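Novice: Below are the chains, spelled out letter by letter.
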Amino acid sequence: MFMENGKNRKSSDRPIRVLLAKPAIDGHDRGVFVLARAFRDAGMEVIYPGLLPTPEEIVDIAVDEDVDVIAISLLNSSHMAVFRKLMALLRKRKATGIAVVGGGIIPEDDKPELERMGVTGNYGPGTPMSEIIAHIRKRAAQARAAKWKGR
Amino acid sequence: MDIARITAGLKKGDRASIARCMTLAEDDPAAFSKIAKKLYDPKRMPRVIGITGPPGCGKSTLISQLAPRLAAGGHRLGIIAIDATSPFTGGAFLGNRIRMEETVKAGKIFMRSIATRGAKGGLTESVMSSIMALSCAGYDMVVVESVGAGQADVDILNISSTVLLVLAPGLGDEIQAMKAGSMEIADIFVVNKSELPGADVAKNAILSYLYTLQGHSSKKVTMTSCTKKEGIDLLASLVFDHEKGVDPAEFAERAFRMEVDRIAKELASKRIESVAAGSGAEIGRMLKKGMDPYTAANALLKRSMG
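Heads up: the sequence lines are chains A and B, in that order.
Mind the numbering: the first sequence is residues 1 to 151 in the numbering used here, read in order.
Mind the numbering: the second sequence is residues 1 to 306 in the numbering used here, read in order.
Since the hints were made in silico from the structure, they are not lab data.
Everything numeric in this text was worked out from a predicted model, so none of it was measured.
The C-beta atom is built at its ideal place from N, Cα and C for all residues, glycine as well.
A couple of the hints might just be wrong.
Keeping only pairs whose Cα atoms sit at most 25 Å apart, straight-line, the calculated DSS-like set for lysine-lysine is [claimed, not checked]:
#	chain 1	residue 1	chain 2	residue 2
1	B	K12	B	K105
2	A	K94	B	K228
3	B	K11	B	K43
4	A	K149	B	K37
5	B	K38	B	K265
6	B	K108	A	K85
7	A	K149	B	K38
8	B	K11	A	K149
9	A	K147	B	K120
10	A	K149	B	K12
11	B	K265	B	K120
12	A	K92	A	K149
13	A	K147	B	K34
14	A	K94	B	K11
15	B	K105	A	K92
16	A	K94	B	K12
17	A	K94	B	K105
18	A	K149	A	K94
Over the 12 Å line for every Cβ pair with chain A, so calculated as not near, a few chain B residues [what the hints assert, rightly or not]:
#	residue
19	A71
20	D200
21	G231
22	I232
Derived coverage of chain B by chain A (criterion: at least 3 residues anywhere in the stretch with Cβ under 8 Å from a Cβ of chain A; other residues may be distant) [to be verified]:
#	region
23	41-54
24	57-63
25	132-143
Turn these sequences into a full structure, and let the hints guide you.
Specialist: Set out below in structure tokens:
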């Protein structure tokens, strides 16, 4: 693939910026590294802040880095608490334009509630990477439209 | 968020506005230029501490320990950390925060990770614009971490008031130290990971190289160990000492010159590209006529600038 050095491109086809994070006491970071690698290879700029960030830190980082998508991987059943907190903080910071995508070990019963909160994807083990990437791209496009509304 | 709101937010120091402004600088320079027109002020050029060095020598970790001490000197501090974009996919893994998160959180420091997006020389196209965004928001000192840099990546000199070259033991002998490039641009040489064997040898190799260099007396060599948290206070004081000797007007002019040069080249190359792209048939004719590539390129250049 030929790299164009970003000349003459519109902001719509700029690299998607994704914050990939694992909050709560969850050290199972194999999956998140596989995702980071896959997102990078899909042409995205992946920001990974290390293990154990709090929801507050995630929102601070997402705002400073002006990401399009926050992608959270959780495997320790803390997803409902974490996402509730995260979505509330995003509202408080008026950063609701940022898309939030989840994944990991998330029971079917919890998914409708997460979707209602605005957390989409919620993929489990064995999901094809292409499906996750396509979903991130779709949500990033929506987030950008919201971000630059009124410009 | 529109440009008027970003401009107003910048003046108030609003973090989301700084962040959005940096995105504009990267994604849409034409839109960013409207903000620059309103807010650019050479008198507010912040001090820029440029940190360069080979990959894995501990730049990010060193910054995480140095930054609080710089901020303690009464500065509002921003950090811009640059990582490499993949030339194949255009993607990037920006991992500097892993080492810096604690520092950034504790010190209310604004930090941004930026990918090179194909730029060479160790920096990004948008780095000066990002520094400007911070200065508009009241930040008076910015630490710029270059991408893990080689000997020839010397652009950081032009945007920095103080340049730190971070090295580690075992990277090479005095022959390496004699080579041109990054060794010539540093104001302060930092032998990091000083707890490892060979640190003294590395320091001595740098010192003996410096004695052969003109103007060496202003250059400093120091050792740090981030695992043992040693030498960081001394390094901070060396940075402040060097900053005292920097003439702000001279530095602002140097940074301005570099940025004007970059933007002019970018605009010119866009015009040439648009002319070259529309002259496929003509290039064919030039080739048929037996024109040499220099004459052909000159003809295209003349037309695009005319």
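Novice: With reference to the structure, classify each hint as holding or not holding.
Specialist: Status of each hint after checking the structure:
Of the pairs offered as hints, the one joining K12 (chain B) and K105 (chain B) holds, with about 20 Å between alpha carbons and a cut-off of 25 Å not exceeded. Taken as a hint, the K94 (chain A) and K228 (chain B) pair is broken in the structure, with Cα atoms around 41 Å apart against an allowance of 25 Å. For a cut-off of 25 Å, the pair hint linking K11 (chain B) to K43 (chain B) stands: about 15 Å separates their Cα positions. Only pairs whose Cα atoms come within 25 Å are accepted, and K149 (chain A) paired with K37 (chain B) is accepted, the gap being roughly 22 Å.
Of the pairs offered as hints, the one joining K38 (chain B) and K265 (chain B) holds, with about 23 Å between alpha carbons and a cut-off of 25 Å not exceeded. Taking the CA atoms of K108 (chain B) and K85 (chain A), the gap is about 22 Å. The hint holds against a cut of 25 Å. Note on K149 (chain A) and K38 (chain B): the hinted pairing holds, with a Cα-Cα distance of about 22 Å set against a maximum of 25 Å. Of the pairs offered as hints, the one joining K11 (chain B) and K149 (chain A) holds, with about 21 Å between alpha carbons and a cut-off of 25 Å not exceeded.
With a C-alpha separation of about 30 Å, the suggested pairing of K147 (chain A) with K120 (chain B) is violated against the 25 Å cut-off. With a C-alpha separation of about 22 Å, the suggested pair K149 (chain A) and K12 (chain B) falls inside the 25 Å cut-off, and the hint holds. Distance restraint check for K265 (chain B) and K120 (chain B): the Cα-Cα separation of roughly 14 Å lies within the 25 Å cut-off, and the hinted pair is therefore satisfied. Between K92 (chain A) and K149 (chain A) the alpha-carbon distance is near 19 Å, which keeps this suggested pair within the 25 Å criterion.
Taken as a hint, the K147 (chain A) and K34 (chain B) pair is honoured in the structure, with Cα atoms around 18 Å apart against an allowance of 25 Å. A C-alpha spacing of about 19 Å is found between K94 (chain A) and K11 (chain B), which places the hinted pair at or below 25 Å, so the restraint holds. As the CA atoms of K105 (chain B) and K92 (chain A) are separated by approximately 19 Å, the hinted pair is consistent with the 25 Å bound. For the given pair, K94 (chain A) sits about 17 Å from K12 (chain B) by alpha-carbon distance, which is consistent with the 25 Å threshold.
Only pairs whose Cα atoms come within 25 Å are accepted, and K94 (chain A) paired with K105 (chain B) is accepted, the gap being roughly 20 Å. Using a Cα cut-off of 25 Å, the hinted pair K149 (chain A) and K94 (chain A) holds, with the two alpha carbons roughly 14 Å apart. Even its closest Cβ contact with chain A, about 16 Å, leaves A71 (chain B) beyond 12 Å, as expected for a residue assigned away from the interface. No Cβ of chain A approaches the Cβ of D200 (chain B) within 12 Å, the least distance being about 32 Å, so the stated non-interface status holds.
The claim that G231 (chain B) is not at the interface with chain A holds, since no C-beta of that chain comes within 12 Å of its own (minimum 24 Å). For I232 (chain B), the shortest C-beta to C-beta distance to chain A comes to about 21 Å, beyond the 12 Å cut-off, and the non-interface label holds. With 0 residues carrying a beta carbon less than 8 Å from a beta carbon of chain A, the region 41-54 of chain B misses the three-residue requirement, and the given coverage is violated. Interface restraint, the region 57-63 of chain B with chain A: violated (0 residues with C-beta to C-beta distance below 8 Å; minimum three).
Only residues whose beta carbon comes within less than 8 Å of a beta carbon in chain A count, and the region 132-143 of chain B has 0; fewer than three means the coverage is violated.
The structure fails to meet hints 2, 9, 23, 24, 25 from the earlier list, while all remaining hints are met.
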